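All chains, full assembly: derive it from the sequences and hints.
2 protein chains.
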Amino acid sequence: MFNRCANVWRRRRVSGDRSSLTSHPKGPRVVPSSGSAFGWATGLAVGCLASAIYWRRHDEQSSSDNGEHKTDIPLLEQFGLPDAGLHTRQYAGHAVGFNQARRTPRWVAEHITSTKITGPANRKNMKFKADPSIQPHFSAFNEDYLGSGWSRGHMAPAANCKYSQDAMRETFFLSNIVPQNNENNSGFWNRLELYCRSLCSRFDDVWIISGPLNLPQKIDGKDCVHHYVIGKSDVAVPTHLFKVVLAGRSGGRSLCLGAFVVPNEPIGYTPKLTDFQVSLSELEYKTGISFFPKLRRGSWQDLCSVDGCQLMNFHDMECYIAERKLAATRSVHELDNIMQRLVEKGVEPHNGLLTKYKTKKEELLQRFQK
Amino acid sequence: MFNRCANVWRRRRVSGDRSSLTSHPKGPRVVPSSGSAFGWATGLAVGCLASAIYWRRHDEQSSSDNGEHKTDIPLLEQFGLPDAGLHTRQYAGHAVGFNQARRTPRWVAEHITSTKITGPANRKNMKFKADPSIQPHFSAFNEDYLGSGWSRGHMAPAANCKYSQDAMRETFFLSNIVPQNNENNSGFWNRLELYCRSLCSRFDDVWIISGPLNLPQKIDGKDCVHHYVIGKSDVAVPTHLFKVVLAGRSGGRSLCLGAFVVPNEPIGYTPKLTDFQVSLSELEYKTGISFFPKLRRGSWQDLCSVDGCQLMNFHDMECYIAERKLAATRSVHELDNIMQRLVEKGVEPHNGLLTKYKTKKEELLQRFQK
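Just so you know, the sequences run in chain order A and B. Note that this note's numbering has the first sequence beginning at 649, numbered continuously upward. Note that this note's numbering has the second sequence beginning at 649, numbered continuously upward.
The hints are simulated quantities; they were obtained by calculation from the structure and are not laboratory data. Computed from a prediction, not measured in an experiment: that's the story for all the values here. By construction, the Cβ of each residue, glycine as well, lies at the ideal position given by its N, Cα and C atoms. Careful: at least some of the hints might be erroneous.
Said to hold, decoys possible - Over 12 Å on every C-beta distance to chain A, these chain B residues come out as not near it, computed from the model: (1) HIS759; (2) ARG800; (3) ARG845; (4) ARG972; (5) ALA975; (6) ILE986; (7) LEU990; (8) VAL991; (9) GLY994.
To be verified - When the alpha-carbon atoms are kept at most 25 Å apart in a straight line, the in silico DMTMM-like pairs for lysine to aspartate or glutamate are as follows: (10) A:LYS942 <-> A:ASP852; (11) A:LYS880 <-> B:GLU791; (12) A:LYS866 <-> B:GLU930; (13) A:LYS934 <-> B:GLU791.
See the structure below:
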């Protein structure tokens, strides 16, 4: 298998360097992974201190190696150390740690409130596009997804940015997207996102971190990682998706935390969200990421014990989807079709939906009569 | 397959957080990826400037969204952004970009000279060990490798640090190690390392960057990445290894560059090093890494055109290995065995080796007679 792999590699060789590809285009606010300017300044101070300690330690060691050379770090860095584009990318409503090798986010962080998830912004005219801040050499493109059989799955959902059209627009950058099973995207994952938004009615602040995972599985008795890549950019298809949810009262009090790992496949209504819950420590182990590093371990309650982690059931979800379709419909015929399909699925519309249906129908009939 | 994968995940769930695991232990000098203190300070200045530009741009955008909220980045970062341990780790003789999810280096950078590769340091008493600067949660351990069928392959080779026992000792940290096919490690890769050292006799400075790769291959008509993980830490086994070699005359003049991607499998003597040569751009595309970012593209000659990229042939390599074994041998019987095995392999020892054999034999016989 590895021989075949090597052959694939050799076939794919491209001659000549594309010289323009290593310059860094302009983009969103770029900060080191510590995030804030304060963190950076602190990092500078800490770095100087650590450096001083290191050099002192190192001088002591060198003096014990009689006559040996001192390390020449500036010479090592004469042409720059390797740059894997590891800085944090800040957008209007979310932050991204991007993985240049996989052409997907490593993680996407958001902070939402009841105010942010309501407002006039909408998906109309929103288009997925390559992130202009990422070098084309390391970016995903719409062409990679189209015809691949995988949908473009938002990590920071568009609907979490109802307060700002700009913030919503930036969630359509492919730096916020992973190849996601279509049914998972519109089904279980969608219900998980709805649950996160519902938390805003019971908590003042909700922090969410989402991202892709490629987990090992046993194949022929050996632990293997096996995942697809799509398109010319070899965009990595995750085997799983993760979401860490931290919810708190005003000022970061009464914190509740839940971490979830969901397979990137159709899931349906039988499994509960708690079936996919993992400890934060286990998720950190699997992702190689420390989440909420400034949060004292053990300072939170279990989100699912406190808040239930109940996803919308089949009936309510079907009514919710019908309601959204209803709002966008412009013909009486299509309006009746939406309600008819509900009945065919055995879903009895609740009163709120029936009222909206009647109002919309009268509105359309009046418009038609004019 | 994904269902099985999900089941594996559920079975592996560990309850409870290991609270101590997110604190950062002391370790080597820690710097942001720009590397030097100068780079950091520059980064701070650039960051402030970029930040100012971003906020200006952002204010302009916000004013067009009448009455919309301004982004609250400090609130997003209240408990810290995700930390994937992406900083560069500096050691006495090399620098490492570590991959906490894979428990291997992402890349290892070295600068070698004819002086650095000669000296009294030796592998005696050198032991592989977990890197004390990496949190146990994200580290590889010797136990992961033992019994796995994969050898511990140095990225910065121990033999490149003959000038300093300390520098050599640090190459045995598992942060510098990947699971490598044993025959590849002692064979083709070893010959590539020997070639890199040989460059020091023809160039004043040699910069080398090495690391693991997991490349896609066609399986059932689809592009897949398939690789093993070993041990309790799920250390990722690379399908390939890469090495970028930059060689120059004094002061960074007359630069020559070669980039190579070698399958992590037995290779033997038939393939040439040039069979595995790739353009720097293609390697950057596959790794997601920009190499030598301060080096102007196109400012180098092709290493293999200038220097040949000839690896040691079978005869010379066998003599080289015999010579090393000979130096370490303490019995006449073993000494004769080494030479006998050469003859059995059809290798006629060159004069230099024969002289060393005779000298060593006399020395051992004299010691025995005493």
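So, going through the hints one by one against the coordinates:
Look at HIS759 of chain B: its CB is around 4 Å from the nearest CB on chain A, not clear of 12 Å, so calling it non-interface is violated. Annotated as non-interface, ARG800 of chain B keeps its C-beta farther than 12 Å from every C-beta of chain A; the closest such distance is 18 Å. No beta-carbon of chain A comes within 12 Å of the beta-carbon of ARG845 of chain B; the shortest separation is about 16 Å. At the 12 Å boundary, the C-beta of ARG972 of chain B stays outside the reach of chain A, the nearest C-beta of that chain being 23 Å off.
No beta-carbon of chain A comes within 12 Å of the beta-carbon of ALA975 of chain B; the shortest separation is about 22 Å. Non-interface status of ILE986 of chain B relative to chain A is upheld: no Cβ of that chain comes within 12 Å, the nearest being about 32 Å off. Even its closest Cβ contact with chain A, about 30 Å, leaves LEU990 of chain B beyond 12 Å, as expected for a residue assigned away from the interface. No Cβ of chain A approaches the Cβ of VAL991 of chain B within 12 Å, the least distance being about 32 Å, so the stated non-interface status holds.
With a closest Cβ-Cβ approach of about 27 Å to chain A, GLY994 of chain B is found to remain outside the 12 Å limit, as its non-interface label requires. Note on LYS942 of chain A and ASP852 of chain A: the hinted pairing holds, with a Cα-Cα distance of about 19 Å set against a maximum of 25 Å. Between LYS880 of chain A and GLU791 of chain B the alpha-carbon distance is near 38 Å, which puts this suggested pair outside the 25 Å criterion. Pair hint LYS866 of chain A plus GLU930 of chain B does not hold up; C-alpha atoms about 32 Å apart against a cutoff of 25 Å.
Among the hinted pairs, LYS934 of chain A with GLU791 of chain B is consistent with the structure: their alpha-carbon atoms are about 18 Å apart, no more than 25 Å.
Checked against the numbered hints given earlier, this structure breaks hints 1, 11, 12; the rest are met.
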